[in-house]
Each structure stands twice: as C-alpha cells, then as structure tokens.
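Enquirer: Listed here are the chains, written in short residue letters.
2 protein chains.
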Amino acid sequence: MITKNDIKFIQSLKQTKSRKENKMFLVEGNKLVDELLSSNFKVEKILVTDLWLEKFPEMASRLPFYDIISQKQMEQISCMVTAPGILATAHTPYYNISPADAENEFIIALDGINDPGNLGTIIRTADWFGIKKIVCSRDCADAWQAKTIQSTMGSIFRIEIMETDLKEFISASQHLSISATPIYGALMEGENIFTKKIEKKNGIIIIGSESHGIRQDILPLVTSPIHIPRAEGSKTESLNASVAAAIILATINN
Amino acid sequence: MITKNDIKFIQSLKQTKSRKENKMFLVEGNKLVDELLSSNFKVEKILVTDLWLEKFPEMASRLPFYDIISQKQMEQISCMVTAPGILATAHTPYYNISPADAENEFIIALDGINDPGNLGTIIRTADWFGIKKIVCSRDCADAWQAKTIQSTMGSIFRIEIMETDLKEFISASQHLSISATPIYGALMEGENIFTKKIEKKNGIIIIGSESHGIRQDILPLVTSPIHIPRAEGSKTESLNASVAAAIILATINN
Numbered sequence: 001m002i003t004k005n006d007i008k009f010i011q012s013l014k015q016t017k018s019r020k021e022n023k024m025f026l027v028e029g030n031k032l033v034d035e036l037l038s039s040n041f042k043v044e045k046i047l048v049t050d051l052w053l054e055k056f057p058e059m060a061s062r063l064p065f066y067d068i069i070s071q072k073q074m075e076q077i078s079c080m081v082t083a084p085g086i087l088a089t090a091h092t093p094y095y096n097i098s099p100a101d102a103e104n105e106f107i108i109a110l111d112g113i114n115d116p117g118n119l120g121t122i123i124r125t126a127d128w129f130g131i132k133k134i135v136c137s138r139d140c141a142d143a144w145q146a147k148t149i150q151s152t153m154g155s156i157f158r159i160e161i162m163e164t165d166l167k168e169f170i171s172a173s174q175h176l177s178i179s180a181t182p183i184y185g186a187l188m189e190g191e192n193i194f195t196k197k198i199e200k201k202n203g204i205i206i207i208g209s210e211s212h213g214i215r216q217d218i219l220p221l222v223t224s225p226i227h228i229p230r231a232e233g234s235k236t237e238s239l240n241a242s243v244a245a246a247i248i249l250a251t252i253n254n
Numbered sequence: 001m002i003t004k005n006d007i008k009f010i011q012s013l014k015q016t017k018s019r020k021e022n023k024m025f026l027v028e029g030n031k032l033v034d035e036l037l038s039s040n041f042k043v044e045k046i047l048v049t050d051l052w053l054e055k056f057p058e059m060a061s062r063l064p065f066y067d068i069i070s071q072k073q074m075e076q077i078s079c080m081v082t083a084p085g086i087l088a089t090a091h092t093p094y095y096n097i098s099p100a101d102a103e104n105e106f107i108i109a110l111d112g113i114n115d116p117g118n119l120g121t122i123i124r125t126a127d128w129f130g131i132k133k134i135v136c137s138r139d140c141a142d143a144w145q146a147k148t149i150q151s152t153m154g155s156i157f158r159i160e161i162m163e164t165d166l167k168e169f170i171s172a173s174q175h176l177s178i179s180a181t182p183i184y185g186a187l188m189e190g191e192n193i194f195t196k197k198i199e200k201k202n203g204i205i206i207i208g209s210e211s212h213g214i215r216q217d218i219l220p221l222v223t224s225p226i227h228i229p230r231a232e233g234s235k236t237e238s239l240n241a242s243v244a245a246a247i248i249l250a251t252i253n254n
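So the protein lines, in turn, are chains U and Y.
1 is the number of the first residue of the first sequence in my numbering; add one for each residue after it.
1 is the number of the first residue of the second sequence in my numbering; add one for each residue after it.
Incorrect hints may appear among the rest.
Covered by chain U, according to a simulated footprint, are these stretches of chain Y (three or more residues, beta-carbon under 8 Å) [said to hold, decoys possible]:
1) 137-149
2) 153-163
3) 227-233
4) 238-251
Hints are computed from structural coordinates only; laboratory data are not their basis.
All C-beta atoms, glycine included, are put in the ideal place defined by N, C-alpha and C.
Just chain U, with the same shape it has in the complex (with noise of 0.2 Å):
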C-alpha cells in the first residue's frame, strides 16, 4: 500500500538535499528501471500505474514487486514532462575511491561539470570505454538526479563515481604511489593527444568545466598536459565538455 505519506517523501526525492539526507534517488522508465533491476543496487519500491500495467505486461510479469498509483499521484512524483508510467526508488550506493587506485587504472576527474546533461554523457562514455571510477569536485551536478540519470542511458549503474575535494584527492595520489602517477589535464599548451605516448593505462583524467576548463588551485597538479588540436584558422573557442572528455577518453585508452 501506497501512503500519501510515501508519494510525498518520493516527490521530496526531486530535491538534491532530501536525496542527499535519504541517500536515495528516483529511476523512471523502462530502460532505465530495466538495468536498475539487473544491477546491485537496492530497490525500495517500484510504481506503477495500471495504464503502464496494460501496456507492457511482459515487463510486469518480470518486476519482482510494485505497487499501483492513480496517473495523478505519478505525475505528481515523475521529474519527466510525460510520466512513462513506471517509476523506482533506490538507495545511493556508497563508493570509496582512492588516489592509490589510479596507480593501476584510469580514474576521471571532474572539476566543476555543473550540467547534469554533461555530468550524465560522460559517466555513458567511461562506461563504454572500460573505465570503471570516476570522482566529482564538490560544486559538480549531482549524479543522482533525473537528468542525469537519464543522460547516462543506465551507464550509472555499472561506474563507481564518489563527490571529493579533487584537489585533496589528486594530492593524496602523488604521496601514494611509488612510481609516478599521471595526472592528465587539457591545457592549450598541451601535448597534442593524438600523437602523445600513453605508456601504461593508469592515472588521473582531469576534465575542466564547461565555463572555465580546469579551475586555478587545481593547474598545478597537472603533470601530463594533453590538448586537442584545432583545425588552423577555426574560431572555435572551446569544445563542449563532454565531448572534450569523449575525445581524450577515446584517445588515451585505445
């Protein structure tokens, strides 16, 4: 049974600060509540209307349990202009990343990507690309909110990504390990990334924010500077970040 009580604590799940106090999130759609169901995470509820139950009745009969909600109650908690009729709560994993682990594989780091349409592409394309860990300054979108989640196509499911001090963490990484842990970061005087040697796949990808690239405390830290070239005479002056991010994720890993 469904309380008014609990449609009214799943629609304060739209807000960063009650999914943050929860540690819960919302996951709307077949697709997405499709790979929410096959992967580790807790489920606390499924919701259904019955229009939804009609529609897709071989994707009911695979739902291990829900609940039936009028299309008023889930248009009241659906975070979509049109409410695709299913829609889950879940809890917020808790991932530990550490800077020692970017002495054996990739880690991204986001500084500052504030649209969650960016936030999510990104999380899709490390997905794609085998890299598992990914680790947000504190003013990045939060990873858990509808668009974002959408964005990713269910890539969220299957990337640890953790909030941190980014400057802290990539720090904490040079004291770590003993050979010299590759910090990458897009600077204009950077080397070119499609002739640039990658020796082993290990390290720490910077990816700057789509207004100011990567922000002044954290430069430094830089120790492998990677550009993208631009084509002579373009006007361009920046490329949209997640597709920066794609494009140095494509090259350093392949």
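On the provided structure of chain U, position chain Y as indicated by the hints.
Expert: For chain Y alone, kept in the frame of chain U given last:
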C-alpha cells in the same frame, strides 16, 4: 520603431514553419549576437531592453543599430527561460553543398539527428576540426531553432549546412567522382577507427540517429564501415550521438 505586428512576427520565428517560410531566425544573448555581427549573415533587427543597455554599455556602443523594447515584449519573443535582454533576427543563408565537394574535403551527413542539443554540439565539433560542410536528412532537428544555435556556441555562423535527401546526395557522390569517394559510417562490424588508415581527408561521414543508427536504405551506401571499439566486458549499448560523432571526426581528421 517596433510595432505590435513586428513583435508578433518575431514571436512567430520560434516556430519551425515560420522560420522556413520567412527564411529568418532568432539569435539571443551577448555571445551569440556578437558572433552573428562578426559573420556575413544579414541581420534584420537587434532588440534590447533598457536594463540590458545599462548593463552592457560597451557592447551597446558596438551595435550597428538597435531598437529598445520593454521587458515584457522581450519575454514574449525570447526562447530562453530567462531572457538575456538582447535578441536579433537574421536571414537564414542558403548554402549549396554539392556531392562532388566530397572529392576534396570531408562532408558530414546527419541521418535523423533529432535532438537539437546533439545537432548543435556536432556543428560545434565540426567547426573545431575544420570540417565546413554538413548535410542533414529532412527529419533532423531544425538547425535554426534556439536550442541548436545555443549548443553551437556560434559555430552555426561558420559552417555550411543544408537539408537534403541523404540517399540521393550520397548516391550522387559516387557517380560524380572520378576516384571513389569514401562513404564512412559507424557499423558494429566496421574497422577499428583507432587503427584504420585514412589515406586522404575527403569523403562523406554519415552519423546515424540517436535511436536507430544509420537507416536501412542508407546502410548499403557505406563503403568504409568504421567502428568505435567498446571496452571488453562493457555493457553499454551505445554512445551519445554527438559523442560518437566527435570521436569519429577527431580520429578521422588527425
């Protein structure tokens, strides 16, 4: 003087139908109006509010002409949640991209890219890598709508873009050229884009739609199937369309 009818007309340019009929479009915000003014586009009107004039006297002094309208009128014609206070109308240029051009340069062919953000991001990325010509299937998002133009960050003023019958266009490129013009398309069984040798920087690069990839009747036209390899074990089904486009443009061009 701006009349009520002028406002009504400008407001109509929010709609694709009116933009196509009148061959005009809207440009909003300081950065984009600046880029418009330094382009060869024919500008019709520049509208500002008193508040904008107070805030940006330097830019105001650079405007070749302008009319002042009320905040209320600005909100009526603005496409943005918060109206930036400056909006221009301009004439849509006519570009004639010929299939024969693909003999000597890259042309991007967009097959049903229907998200305006993706379309704008692809235009911006093309501009970065010095690709000057984009042809769009008729079911692509409209390049002259506010969301696309915003996402291009001004690149829309530097790239030639043309709507066309993609199948006809690509087929024609094969008959016209003396040597075979390569037609690149991302397919699962394509050649690894990171190891493929690109002999000459020319040909047509097809980018498939967000949901269906390259459509069935265009697939047989691909002569150089390519592939962005996914990490072993990754369960992601696909990359975002503008991310896939960026990785292809970056690697093919460098």
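Enquirer: List in ascending order the numbers of the hints, as given earlier, that are violated by the structure.
Expert: The structure breaks only hint 1.
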